[in-house]
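Enquirer: Turn these sequences into a full structure, and let the hints steer you where they fit.
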Amino acid sequence: MLETRKLSKSYGEVAALRELDLRVNPGEIYCLLGANGAGKTTTINLLLGFIEPTSGSAQVAGIDVATDPNGARSRLAYIPETVMLYGALSGLENLKYFSGLSGQALSDEELHGCLARAGLAAAAHDRPLKGYSKGMRQKVGVAIAIAKRAGALLLDEPTSGLDPKASNEFSELILALARDGAAILMATHDLFRAKETGTRIGIMREGVLRAQYDAASISHTALEQAYLEHMGD
Amino acid sequence: MSAGALDGVSPGAAAGGRERRAPATGARLRQELHLLRREGLAPWALVALTLLLVAAALNGRALLGVQARTAAALEDEAAQTTRALAEQAGRGVATAVSPGVVGYSVLGEPAVLPASPLGALAIGQGDLLPAWYPVTARGPHHFLARSEPENPLRLSIGNFDAAFVIVWLLPLVVIALSFNVVSAERERGVLAVAVAAGASPVGFILGKVAARALVVFGSLWIALLAAALAAGVPLGSAAGLLPLLLWLAGATLYGAFWFALALFVNARPRASDQNASLLAGAWLLLVILLPALTNLAATTVFAAPSRVALTTELREASEAADRAAAASRDKYFFDHPEMQGGDMDRTAYFQSVAQSELSISEAMAPLLAQFDVQARRQQGLVEVLQFLSPGTMTWQSLTALAGSDGARLREFRAQVLAFHARWSGFFRDPLMRGATLTPADYAALPQFAFQEPPLGRTLARALPALAMLLALTLLLGGIALRRLRRFPVA
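Just so you know, the protein sequences line up as chains A and B, in that order.
Counting in the working numbering, the first sequence runs from 1 upward without gaps.
Counting in the working numbering, the second sequence runs from 1001 upward without gaps.
None of these hints come from the bench; they were simulated from the model.
Mixed in with the good hints, there may be bad ones.
[Unchecked claim] Reference excerpt, derived from the structure (chain B facing chain A, CB under 7 Å, subset only):
(1) GLN1031
(2) ARG1038
(3) GLU1039
(4) ARG1188
(5) GLY1189
(6) ALA1194
(7) ALA1196
(8) ALA1197
(9) ALA1199
(10) VAL1202
(11) ALA1490
[Unchecked claim] Just a sample of chain B residues kept apart from chain A, beta carbon distances all over 12 Å, derived:
(12) HIS1034
(13) ALA1239
(14) LEU1314
Since the model is a prediction, treat every value here as computed from it, not as a measurement.
Note that the Cβ used here is the ideal one computed from N, Cα and C, for glycine as well.
Expert: In structure tokens, the structure reads:
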């Protein structure tokens, strides 16, 4: 569903991403770990077609992102670290606005349904977003993805700044999306969350994917040890 | 969170999502209009713009009303005097039949410039150059002296009229609504989410600009129509409607220029406060500084003759005429020794006055002509330099369409001078022949009626600037759109 082949991005002499080969299948959650500047966000931006690769290719559902970025984007949803959206609009209105951008005309009932599926309490649906916590905003972001019925999700440090309860709720949410067939790529600093949520885990440093692990076959301690070793090279 | 977030989604749909199409333009606009309303700034800005335009139109109407009442009072007074003199002439009253007394001492004709249909919307130079002249048989310097031969462009302050609101304040409304039309979306991360959601970056931004433009121009058109009604513009006649439509087009083009400039500034990935500073600087440069520099250049390069020189010349010409009149009186008393120690004959006296007036007029003519020449040169320079500033271009066009630019006022002055020649000739000729006036002469007094310049001449002044404004808008908008295609979304 999500695939990169020898994907590279350089800014002048600085290589932000080097020959990344990655594949995230439907139903899979791939967690990218790494320090700031490791190349996680660059990978996501390349898959979104926000930036052009220096070499290599990125594909979403078999659509080459560089050739047809709009086509590729129509198959995925994106949730940034901080979902700001429009503070003056309610959660429902934001959902209506952003689902409208993708050409969908959902009824209010369907929109309420998406917000409910994302875990947002009904009482909050019609309140202005500026009164929402970060966790509630993230849920609106997920609702946008649900409304879009995207086959792939790109999450850029979505649990950063969330309290443990909100992080846990978010993890459950994306696990449910994965169970329903979505291919999910999540960049995160949170080793615990990656181990608990991810299907596979990759560790990046200086634009290079240093190691990949099957989440089910590595312990928390081993993952932490591996992470520290790669960061300390 | 309930399980099965994608319940009911087939594998195909999961892979590709439900069938999608580009959002309809109408739906996008409704979304953006709803957002603008919720964000709260647009309604306030537009209420302020509407109130300002209507207040400005009422102010313009009040100013024209004062001018009209003054002119009407003068015309009424002149008509009453004419009727009284005609009646006296019928009875053979000496002063009423004397062309010298009547033409050079008693009767004048106010030559009045009628208000143009859109005059109240743009006062322009209407309060600088006179809208009426008290024409008498005396030399033109008598009535021209009440005018101030000012430079043709008064942009530094301006009147509070609808043209002022459009040229000076409309850009601020546009800037307030669009200085961060791209940058704010990028800063709050909405642009990335929107593009990821399926919007094209250019389409997303254009939707926002279009909604703002729709709100601003919709309000502008409604407010201008309200202002036109408040100002008494005759909307039922082509003379009022056509210039008003062109006015609307000019104001809209000017607003569109500022939207294009805002988009152009936003097409680089800069912070919102930087964009605000750049646009405020552009407003200062294009609306304040460049027009002021244009003004300065026109008055410096083609300076009007010194007012001191004019006064000195007038004094010298008067003294020369007085000397000539004294010599004439000496000759009269030499020829009529029986009148020594008494007053001159009335006819002879006014013949002397008429001769003096002619002498003074001839002496003053070159200097007064110099004012006209310099004013035309200044206007010519301004017509070239106006293309430096959209503010000047718009002001020039709006005042030309409203008939309050220097051209219509100078045309009025030229027609008044031609009328003066007929009026003074009407009295001087019988005076010099020693003839008297009859009631029939009073009925045949020359009447001043301003002949409006052809519409084509007005359009020739207004349309090039509007065409340039359109070209600038398209250029800026085109560059902005090209840059936005490569705009860094994240």
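Enquirer: Hint by hint, say whether it matches the structure.
Expert: Hint check:
1. Restraint check, GLN1031 (chain B) versus chain A: the minimum CB separation of about 5 Å is within 7 Å; hint holds.
2. Annotation: interface hint on ARG1038 (chain B) holds; nearest CB of chain A at approximately 4 Å, less than 7 Å.
3. Below 7 Å, beta-carbon pairs count as interface contacts, and GLU1039 (chain B) has one with chain A at about 5 Å; its hint therefore holds.
4. The interface hint given for ARG1188 (chain B) holds, since its Cβ lies 4 Å from the closest Cβ of chain A, which is under the 7 Å cut-off.
5. Hint on GLY1189 (chain B) holds. Least Cβ distance to chain A is approximately 5 Å, under the 7 Å limit.
6. Checking ALA1194 (chain B) against chain A: minimum C-beta separation of about 6 Å stays under 7 Å; hint holds.
7. Below 7 Å, beta-carbon pairs count as interface contacts, and ALA1196 (chain B) has one with chain A at about 4 Å; its hint therefore holds.
8. Because the beta carbon of ALA1197 (chain B) sits about 5 Å from the nearest beta carbon in chain A, less than 7 Å, this interface hint is met.
9. The beta carbon of ALA1199 (chain B) is positioned within 7 Å of a beta carbon in chain A (closest approach about 4 Å), and the interface hint is therefore held.
10. Look at VAL1202 (chain B): its Cβ only gets to about 11 Å from chain A, farther than 7 Å, so that hint breaks.
11. Hint status for ALA1490 (chain B): holds, given a least beta-carbon distance of 4 Å to chain A, under 7 Å.
12. Non-interface call for HIS1034 (chain B) relative to chain A: violated, since the shortest CB-CB distance, roughly 7 Å, does not exceed 12 Å.
13. Here ALA1239 (chain B) stays apart from chain A, with its beta-carbon at least about 46 Å from theirs, past the 12 Å limit.
14. Every CB of chain A is more than 12 Å from the CB of LEU1314 (chain B) (nearest about 68 Å), matching its label as outside the interface.
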